[in-house]
Amino acid sequence: MKQGSRFWAWLVFGVGTTYFILPLLATFEFSLRKRRGEYSFDAYRSVFEDPNFQTTFTYSVVVAIFTILLGVLLVVPTAYWIRLRLPNLRPVVEFITLLPLVIPAIVIVFGYIRMFGSNSTLPFLATARGTDVLLVIGYAVLALPYMYRAVDTGLRTIDVRTLTEAAQILGAGWTTIIARIILPNVLIAVLSGAFLSFAIVIGEFTMASLLNRPAFGPYLQNIGANSAYEPSALAIISFAITWGCMSLIQILSRFAPKSANRPN
Amino acid sequence: MADPFLSIQHVRKSFGATTVVEDFSLDVEPGEFVSFLGPSGCGKTTVLRMVAGFEEPSAGKIVVAGKDITRLKPNQRNVGMVFQAYALFPNLTVAQNIAFGLKVAGMPKADADRRVAEMLDIIKLPQMGDRYPYQLSGGQQQRIALARAIAPKPKLLLLDEPLSALDAKVRVSLREEIRSIQKKLGITTIFVTHDQEEALSISDRIAVMYGGKAEQVGTPFEIYNRPATKFVANFVGTLNVLEGTVTDAASGMVRVNSQEVALKGKLNGSKSGDTLSLALRPEAISLGRQPGRDSSLAGEISEVHFLGSVIRVRVGIGGSTVSLDTFNSPATPPPAVGEKAEISFASSDMLVLH
Ligand SMILES: Nc1ncnc2c1ncn2[C@@H]1O[C@H](COP(=O)(O)OP(=O)(O)OP(=O)(O)O)[C@@H](O)[C@H]1O
Ligand SMILES: [Mg+2]
Numbered sequence: 001m002k003q004g005s006r007f008w009a010w011l012v013f014g015v016g017t018t019y020f021i022l023p024l025l026a027t028f029e030f031s032l033r034k035r036r037g038e039y040s041f042d043a044y045r046s047v048f049e050d051p052n053f054q055t056t057f058t059y060s061v062v063v064a065i066f067t068i069l070l071g072v073l074l075v076v077p078t079a080y081w082i083r084l085r086l087p088n089l090r091p092v093v094e095f096i097t098l099l100p101l102v103i104p105a106i107v108i109v110f111g112y113i114r115m116f117g118s119n120s121t122l123p124f125l126a127t128a129r130g131t132d133v134l135l136v137i138g139y140a141v142l143a144l145p146y147m148y149r150a151v152d153t154g155l156r157t158i159d160v161r162t163l164t165e166a167a168q169i170l171g172a173g174w175t176t177i178i179a180r181i182i183l184p185n186v187l188i189a190v191l192s193g194a195f196l197s198f199a200i201v202i203g204e205f206t207m208a209s210l211l212n213r214p215a216f217g218p219y220l221q222n223i224g225a226n227s228a229y230e231p232s233a234l235a236i237i238s239f240a241i242t243w244g245c246m247s248l249i250q251i252l253s254r255f256a257p258k259s260a261n262r263p264n
Numbered sequence: 265m266a267d268p269f270l271s272i273q274h275v276r277k278s279f280g281a282t283t284v285v286e287d288f289s290l291d292v293e294p295g296e297f298v299s300f301l302g303p304s305g306c307g308k309t310t311v312l313r314m315v316a317g318f319e320e321p322s323a324g325k326i327v328v329a330g331k332d333i334t335r336l337k338p339n340q341r342n343v344g345m346v347f348q349a350y351a352l353f354p355n356l357t358v359a360q361n362i363a364f365g366l367k368v369a370g371m372p373k374a375d376a377d378r379r380v381a382e383m384l385d386i387i388k389l390p391q392m393g394d395r396y397p398y399q400l401s402g403g404q405q406q407r408i409a410l411a412r413a414i415a416p417k418p419k420l421l422l423l424d425e426p427l428s429a430l431d432a433k434v435r436v437s438l439r440e441e442i443r444s445i446q447k448k449l450g451i452t453t454i455f456v457t458h459d460q461e462e463a464l465s466i467s468d469r470i471a472v473m474y475g476g477k478a479e480q481v482g483t484p485f486e487i488y489n490r491p492a493t494k495f496v497a498n499f500v501g502t503l504n505v506l507e508g509t510v511t512d513a514a515s516g517m518v519r520v521n522s523q524e525v526a527l528k529g530k531l532n533g534s535k536s537g538d539t540l541s542l543a544l545r546p547e548a549i550s551l552g553r554q555p556g557r558d559s560s561l562a563g564e565i566s567e568v569h570f571l572g573s574v575i576r577v578r579v580g581i582g583g584s585t586v587s588l589d590t591f592n593s594p595a596t597p598p599p600a601v602g603e604k605a606e607i608s609f610a611s612s613d614m615l616v617l618h
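Protein chains in written order, with my numbering: chain A, 1 to 264; chain B, 265 to 618.
Honestly, the hints are just simulated from the structure, not real lab data.
Idealized CB from N, CA, C, for every residue including glycine.
Among the hints, erroneous ones may be present.
[Unchecked claim] Per label pair, the in silico range of CB-to-CB distance:
{"hint": "1", "chain 1": "A", "residue 1": "F95", "chain 2": "B", "residue 2": "Q399", "range": "52 to 58 Å"}
{"hint": "2", "chain 1": "B", "residue 1": "Q399", "chain 2": "A", "residue 2": "S247", "range": "26 to 32 Å"}
{"hint": "3", "chain 1": "B", "residue 1": "A432", "chain 2": "A", "residue 2": "E94", "range": "41 to 47 Å"}
{"hint": "4", "chain 1": "B", "residue 1": "L571", "chain 2": "A", "residue 2": "G173", "range": "33 to 39 Å"}
{"hint": "5", "chain 1": "B", "residue 1": "P372", "chain 2": "A", "residue 2": "M115", "range": "50 to 56 Å"}
{"hint": "6", "chain 1": "B", "residue 1": "K337", "chain 2": "A", "residue 2": "S247", "range": "43 to 49 Å"}
{"hint": "7", "chain 1": "A", "residue 1": "T153", "chain 2": "B", "residue 2": "K417", "range": "37 to 43 Å"}
{"hint": "8", "chain 1": "A", "residue 1": "F95", "chain 2": "B", "residue 2": "S541", "range": "56 to 62 Å"}
{"hint": "9", "chain 1": "A", "residue 1": "G203", "chain 2": "B", "residue 2": "D332", "range": "55 to 61 Å"}
{"hint": "10", "chain 1": "B", "residue 1": "P372", "chain 2": "A", "residue 2": "S247", "range": "42 to 48 Å"}
{"hint": "11", "chain 1": "A", "residue 1": "P91", "chain 2": "B", "residue 2": "V436", "range": "41 to 47 Å"}
{"hint": "12", "chain 1": "B", "residue 1": "S541", "chain 2": "A", "residue 2": "P91", "range": "50 to 56 Å"}
[As the list claims (entries may be wrong)] Going by beta-carbon spacing under 8 Å, a handful of chain A positions derived as facing chain B:
{"hint": "13", "residue": "E29"}
{"hint": "14", "residue": "P100"}
{"hint": "15", "residue": "P104"}
{"hint": "16", "residue": "T162"}
{"hint": "17", "residue": "E165"}
{"hint": "18", "residue": "A166"}
{"hint": "19", "residue": "Q168"}
{"hint": "20", "residue": "I169"}
{"hint": "21", "residue": "G171"}
{"hint": "22", "residue": "A172"}
{"hint": "23", "residue": "I181"}
Okay, chain A solo, but in the shape it has when bound:
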């Protein structure tokens, strides 16, 4: 009986892995076939040499960094305050942060286009810079579910209330408390939220495309429509970036500050 269930477990695992790995291997194999008759990294070279790759990728990285900054500034104080003072609002806030998963990005971006058009009261879309700002805001919204959950989990590992009061009675104000006590203690959680945001922003297509910004997502789509081997190479590159981010989260979580409540 035990043997049997183990067999089935391995079988399911094997099928799942194959389902996941096989297309990846196939894509990789295909991306190496640009030169006729032998395997080569020519497709990768042509991707990296494409100036459009460089500009769009740089653009998306910069947008991702601003998205992360905005997300951290928005989420850390909010999650902290909810835990400290408004614990019964938590279900509400959790629900709100989940909305971006439920509402398609295309709906959000059409909403933005209607709200912030060039003849509205807040004409974000009137200039390219304004549109960039709007894109960052939109991405921060898309990353909200991940960022909020990561930070909230981080806050759960410390005694937020006692640490806050200990800092307060020593004369600290809110900025000092958040910057010197709360943020450093949830830094690992914040970073994992940050890498998730990064992964989302780098691959995002809908918003960037509809707001007509030169981001990496639309570039991927464009290449995919116009050449044969480069899209496979790009898929592998994107995949490597995403997995790089995930592994960094794993590595960083080893360095999480140890709780003082469990002395050894």
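Once you've looked at the hints, dock chain B with the ligands against the given chain A.
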């Protein structure tokens, strides 16, 4: 007497419809060490948190050094506090923890470093500056928390059951250390505890709290020997309670289990026929007649516990039992269960509980 340093005046605190602290008043002299003693949930922490500024009183006033601080924010009060839960900042080293308040106050780094070293000396952990809180034992963490609280030279030190998470031995040594540091620095201190021995052993005065009120405020000697209420008498120390009926209010005669006892001048206001609760500390009772003990009651020995240097004897008197301790003496064997016995006490030691 000097003006009180801390004056808590008719403070009340309600959370919604429940009143947790009711009309609490207390004056604390400069440099005094006052304990709040009481059972769980009686409002000790709540009063302390109002002094710290974490809760706002629903009514009343808190004055420190002549200044009304009732509405001041915690970070403007210059008060030091040690919490029950370990509250060191996990991301900072011991030295950085102690320096936190100094840095916030803008003390130059060199001065702060010197002060941190001085604090580490005072708490006798001079080598620990570079450690992180998770590398310390519970007792060490609470010492660091104390050092951190007193480093900025606060006017007032508040300690909320700082020892309750520690084991018994550490608890005793650390409480004495806290007291000696407090004396050395002359810092006015409020210490919250529900451990009566802790309160009795280190306090200048104790406020015994019950149901959000201060039942009695006095020195440990007064609290123990002259409890003002039944609650205080029962809560602090061991007490033998006997029921008695006043037979002659004028001469102070009370009948206990059909035996008469004279309690001159103790019955203030009781009339003949009233029933009273009479209480005696175990150490105020001796077995057999003793010089200086003017009253006695006859009973029967119901239990004998040999504890080494002392023998705890329980004597049944009618329906109630009285505990008393006698010293072990190698020459005389301990009393046996079932023997007739007489207990004696000074009528002046008898507490009449109202
Ligand atoms: N924020 C709050 N909201 C509602 N009730 C509260 C709040 N804080 C305390 N209480 C209630 O007030 C009462 C007194 O609490 P407090 O913490 O002051 O007791 P305590 O004497 O310190 O007890 P312990 O010895 O267990 O620490 C308790 O019944 C508690 O449930
Ligand atoms: Mg308490």
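> Which of the numbered hints are not met once you compare them with the structure shown?
Replying inline: Of the numbered hints, 1, 4, 13, 14 and 15 do not hold.
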